[in-house]
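A.B. asks: Knowing the structure of chain A, use the given hints to seat chains B, C and D on it.
4 protein chains.
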Amino acid sequence: MLEQLKEEVFKANLDLVKHGLVIFTWGNVSGIDRETGLVVIKPSGVSYDTMTADDMVVVDLFGKVVEGKLKPSSDTPTHVALYRAFPNIGGVVHTHSTYATSWAQAGKDIPNIGTTHSDYFSAAIPCTRGLTQQEVEGEYEAETGKVIITRFYGLNPDYIPGVIVKNHGPFSWGKDAHDAVHNAAVMEQVAKMAYISFNINPELTMDKHLVKKHFYRKHGPGAYYGQ
Amino acid sequence: MLEQLKEEVFKANLDLVKHGLVIFTWGNVSGIDRETGLVVIKPSGVSYDTMTADDMVVVDLFGKVVEGKLKPSSDTPTHVALYRAFPNIGGVVHTHSTYATSWAQAGKDIPNIGTTHSDYFSAAIPCTRGLTQQEVEGEYEAETGKVIITRFYGLNPDYIPGVIVKNHGPFSWGKDAHDAVHNAAVMEQVAKMAYISFNINPELTMDKHLVKKHFYRKHGPGAYYGQ
Amino acid sequence: MLEQLKEEVFKANLDLVKHGLVIFTWGNVSGIDRETGLVVIKPSGVSYDTMTADDMVVVDLFGKVVEGKLKPSSDTPTHVALYRAFPNIGGVVHTHSTYATSWAQAGKDIPNIGTTHSDYFSAAIPCTRGLTQQEVEGEYEAETGKVIITRFYGLNPDYIPGVIVKNHGPFSWGKDAHDAVHNAAVMEQVAKMAYISFNINPELTMDKHLVKKHFYRKHGPGAYYGQ
Amino acid sequence: MLEQLKEEVFKANLDLVKHGLVIFTWGNVSGIDRETGLVVIKPSGVSYDTMTADDMVVVDLFGKVVEGKLKPSSDTPTHVALYRAFPNIGGVVHTHSTYATSWAQAGKDIPNIGTTHSDYFSAAIPCTRGLTQQEVEGEYEAETGKVIITRFYGLNPDYIPGVIVKNHGPFSWGKDAHDAVHNAAVMEQVAKMAYISFNINPELTMDKHLVKKHFYRKHGPGAYYGQ
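Respectively, the protein sequence lines represent chains A, B, C and D.
Here the first sequence is numbered in UniProt numbering, starting from 1 and rising by one per residue.
Here the second sequence is numbered in UniProt numbering, starting from 1 and rising by one per residue.
Here the third sequence is numbered in UniProt numbering, starting from 1 and rising by one per residue.
Here the fourth sequence is numbered in UniProt numbering, starting from 1 and rising by one per residue.
Pulled out of the complex, with its shape left as it was, chain A reads as follows (with noise of 0.2 Å):
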């Protein structure tokens, strides 16, 4: 069932070592197949080494496992919830990439303060309330992408394809599981960056001119970069 995605998804969670985004097994990557609302995603607590294609585990929108002899990631709920509420999405990655995680411990938006911010996320990185005693103690992870969908009202997922959980660390999507793997890669890069532009100058501006610019030469009818 779904042996491509599964070949994706597998191939996409081997990206995030690759990528230094990852050590031990701090992260997981999922992909949907929109046509029958199946998710395929990392099992849970599984190795990198080992792991193999056959092992990632397929589930339906509401996370119930459709097929997989293991355990799906404990992030499964997050992961359906961002699926079920972003319509365009067709991938999800959890990482607790350093930089990124370290605005997330810290609490704070990663400020878009340079063109190559602009160049995927068409304004600040998001950053969610912390999760109230309640929710942390009811269904967590299904709560915790709640929290993820409610700091994204107003505000576009597909402009903005990545959030950072107080506390905790970053989640990112993107059209498939590749994609969302990019989009990990680019906001650990920016939230780097980020913290060492503001160390040197906590005064530092961007003009939101340019934000446009950078990001509307990459994405809409108007794109021109690539080929």
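Do not rely on the hints blindly, as some may be mistaken.
Copies of the same chain are indistinguishable here, so a pair counts whether it falls within one copy or spans any two.
Derived DSS-like pairs: lysine-lysine, alpha-carbon spacing no greater than 30 Å straight-line [unchecked claim]:
1. Lys108 to Lys71
2. Lys64 to Lys212
3. Lys212 to Lys108
4. Lys208 to Lys71
5. Lys11 to Lys218
6. Lys69 to Lys175
7. Lys108 to Lys218
8. Lys108 to Lys64
9. Lys218 to Lys18
10. Lys11 to Lys208
11. Lys71 to Lys146
12. Lys71 to Lys175
13. Lys218 to Lys64
14. Lys71 to Lys213
15. Lys69 to Lys108
16. Lys69 to Lys213
17. Lys213 to Lys64
18. Lys146 to Lys212
19. Lys218 to Lys208
20. Lys71 to Lys218
21. Lys69 to Lys208
22. Lys212 to Lys71
23. Lys64 to Lys11
24. Lys69 to Lys218
25. Lys213 to Lys108
26. Lys175 to Lys146
27. Lys212 to Lys175
FYI, nobody ran anything at the bench for these hints, they're computed from the structure.
In this text the structure is predicted, and so the values were computed from the model without any measurement.
C.D. replies: Showing chains B, C and D alone in chain A's frame:
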């Protein structure tokens, strides 16, 4: 004698290099056989490049050499003090890894400010007091063990599997040598992220209920992470 | 056409990856044949993994494609503006390397505070002003070239082989594509060390005579470094 | 002539790259044969990729070339000044390694704040004064040697095997070329950890008795570290 444990401890020592936690001979790993009370530990000042499993030294719980042609690590008295005081641990690691050592030099506990930390440690990673002149000039390495054990009065070493010794560096432990190395790598990563996070926001906050949730998601009877 | 230059420019693009200056397609190198006035440049948005020397695009000094099956880098108008304004340069590089980009985002010149910097640059690495809304919404990439050239009024581009564009990132140049990449790597390294140095001592000082000594040890008629 | 020493010095130069202490040609190692008073040193500005043991240059204690087809390192007068002044050293290294150079640019001694530092240096790593305009414009590299030697009045170069030259970078030494490289790597690592530690806690403290203990655990008649 204890050939399998020697192999495990040898491999765990090499893993310190693989994880980027040591350069030169700046680290050591030991493992204990609880049935016999014998400890296998790295020899002192031997290069990781030329070391073999056979070079591992067997000592008793008071650090006396039982087997081995080389001198055991100069930190042996610290290792055995921890094995005597913490009955559930099976492996001990000492490194001078960059960020954990920097917190030790700063003389400050590494605060628990994120879920990455909470997944492994139920609270801050404690920093010991400095050793007195008398302690330093006496049985220094044994005294180092004692200040660690003193620091853990009222703390659970099974829930807080590591410590930083003031002006020195990190010690970690685990159910075996491999697990202790894993915790050493976790300490280094959370030390790095805590450093960056406080640079971004010195006023950051972390909720106790989130710490608890993540710790018990991976530990104890209600754990549901992994297979 | 210009097969040797294509090979050089292709190799110089790959060297950006080797030096850790770019991830994904975040950089581009060009080289000029001064006899014909033709410029060879990386195609836009093509992965370094699959790119070949044949994919390089030949444009004239106004960015018009002369040969090549792919679209040239979207930064082509900036490259050709620099070739027209700075008659001695033979190669141009643009990257989003971490520390140089962070100084650009901070909107500050990278001060010349050490002999490493002075070995290559006779003064600070200048940061341009931000582009106006009109410039950004007009011929953006050509305007980027203009603000760089304007910034160099009174400065010698042969003695200061690089610049950072506000909120964007570094451009560097040199006698050929290889040399421009070398200068890009130098900029990243001195940007990193300047960041750390000012964190250690915000009041640090540097003597003009030391800058002069190191620069002229490697440049001009009195140079005595190297073979 | 001195084939074995050439091989050692050549290998030690390559080790600078292996330890991540130099890029391009930004470093040099020498070694001395104390019987003949001849020094073997890296040639100036030659790439580490193409260099062979045969390219090493033999000079006398005043820097005059005795054998070799290439020009010796431009820093040769600094190296020989150190060999003349410090009778016990057998190897000298100069690099522009990131953190040690940043402390040099900041113009501050690297304080001894941990046991990692104390294992190798009995005190802070001193920073020289800046050279005067006259010194810089005169026999610059020889004068660099003189300010280092002046900085060591009252200090023991055998117990403090390195220095940072203001606005320039680190020099280290040791019993031979290999040992000098080892100390260069130690300096870089302790420079990095001191930087991070003071960022965490500008008010940190270190006890003199701990410095002494660690230094003499590895040095002198009472040493008990290693085999």
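A.B. asks: All hints are to be evaluated individually against the structure, with a verdict given for each.
C.D. replies: Hints, verified against the model:
Taking the shortest Cα distances, Lys108 and Lys71 never come within 30 Å of each other, neither inside one copy (33 Å) nor across copies (39 Å). When the C-alpha separation of Lys64 and Lys212 is checked against a cutoff of 30 Å, the pair qualifies only between copies, where the shortest distance is 26 Å, while the shortest distance within a copy is 40 Å. Both within a single protomer and between protomers do Lys212 and Lys108 lie at most 30 Å apart by alpha-carbon distance, with minima of 22 Å and 22 Å respectively. For the identical chains of this complex, Lys208 and Lys71 are inter-copy neighbours only, at 28 Å across copies versus 45 Å inside a copy, given an alpha-carbon limit of 30 Å.
In this assembly of identical chains, the alpha carbons of Lys11 and Lys218 lie at most 30 Å apart whether taken from the same copy (25 Å) or from different copies (26 Å). For the identical chains of this complex, Lys69 and Lys175 are neighbours both inside a copy (27 Å) and across copies (28 Å), given an alpha-carbon limit of 30 Å. Within a single copy, Lys108 and Lys218 get their C-alpha atoms as close as 26 Å, and across copies as close as 27 Å, so both meet the 30 Å cut-off. Proximity of Lys108 and Lys64 under a CA criterion of 30 Å is satisfied in neither setting, with 33 Å inside one chain copy and 45 Å between copies.
In the homo-oligomer, the alpha carbons of Lys218 and Lys18 lie at most 30 Å apart both inside one protomer (25 Å) and across protomers (26 Å), since each shortest distance falls under that limit. Neither within a single protomer nor between protomers do Lys11 and Lys208 lie at most 30 Å apart by alpha-carbon distance, with minima of 37 Å and 36 Å respectively. In this assembly of identical chains, the alpha carbons of Lys71 and Lys146 lie at most 30 Å apart only when taken from the same copy (22 Å versus 43 Å across copies). For the identical chains of this complex, Lys71 and Lys175 are neighbours both inside a copy (25 Å) and across copies (24 Å), given an alpha-carbon limit of 30 Å.
Taking the closest pair of Cα atoms, Lys218 and Lys64 come within 30 Å of each other only across two copies (21 Å); inside a single copy the shortest separation is 37 Å, beyond that limit. In this homomeric assembly, Lys71 and Lys213 come within 30 Å of each other (Cα to Cα) only across copies, at 19 Å, whereas the closest approach inside a single copy is 44 Å. For a Cα distance limit of 30 Å, the shortest separation of Lys69 from Lys108 qualifies neither inside one copy, at 39 Å, nor across copies, at 45 Å. Proximity of Lys69 and Lys213 under a CA criterion of 30 Å is satisfied inter-copy only: 26 Å between copies versus 48 Å inside one chain copy.
Taking the closest pair of Cα atoms, Lys213 and Lys64 come within 30 Å of each other only across two copies (22 Å); inside a single copy the shortest separation is 43 Å, beyond that limit. Taking the shortest Cα distances, Lys146 and Lys212 sit within 30 Å of each other both inside one copy (29 Å) and across copies (20 Å). Taking the shortest Cα distances, Lys218 and Lys208 sit within 30 Å of each other inside one copy (16 Å), while across copies they are farther apart (42 Å). In this assembly of identical chains, the alpha carbons of Lys71 and Lys218 lie at most 30 Å apart only when taken from different copies (14 Å versus 38 Å within one copy).
In this assembly of identical chains, Lys69 and Lys208 lie within 30 Å of each other by CA distance neither inside one copy nor across copies; the values are 50 Å within and 35 Å between. Proximity of Lys212 and Lys71 under a CA criterion of 30 Å is satisfied inter-copy only: 23 Å between copies versus 43 Å inside one chain copy. In this assembly of identical chains, Lys64 and Lys11 lie within 30 Å of each other by CA distance solely inside one copy; the values are 23 Å within and 40 Å between copies. In this assembly of identical chains, Lys69 and Lys218 lie within 30 Å of each other by CA distance solely across copies; the values are 21 Å between and 41 Å within a copy.
Proximity of Lys213 to Lys108 under the C-alpha cut-off of 30 Å is found in both arrangements, the shortest distances being 25 Å within a copy and 22 Å between copies. Taking the closest pair of Cα atoms, Lys175 and Lys146 come within 30 Å of each other only inside a single copy of the chain (21 Å); across copies the shortest separation is 37 Å, beyond that limit. Taking the shortest Cα distances, Lys212 and Lys175 sit within 30 Å of each other inside one copy (21 Å), while across copies they are farther apart (35 Å).
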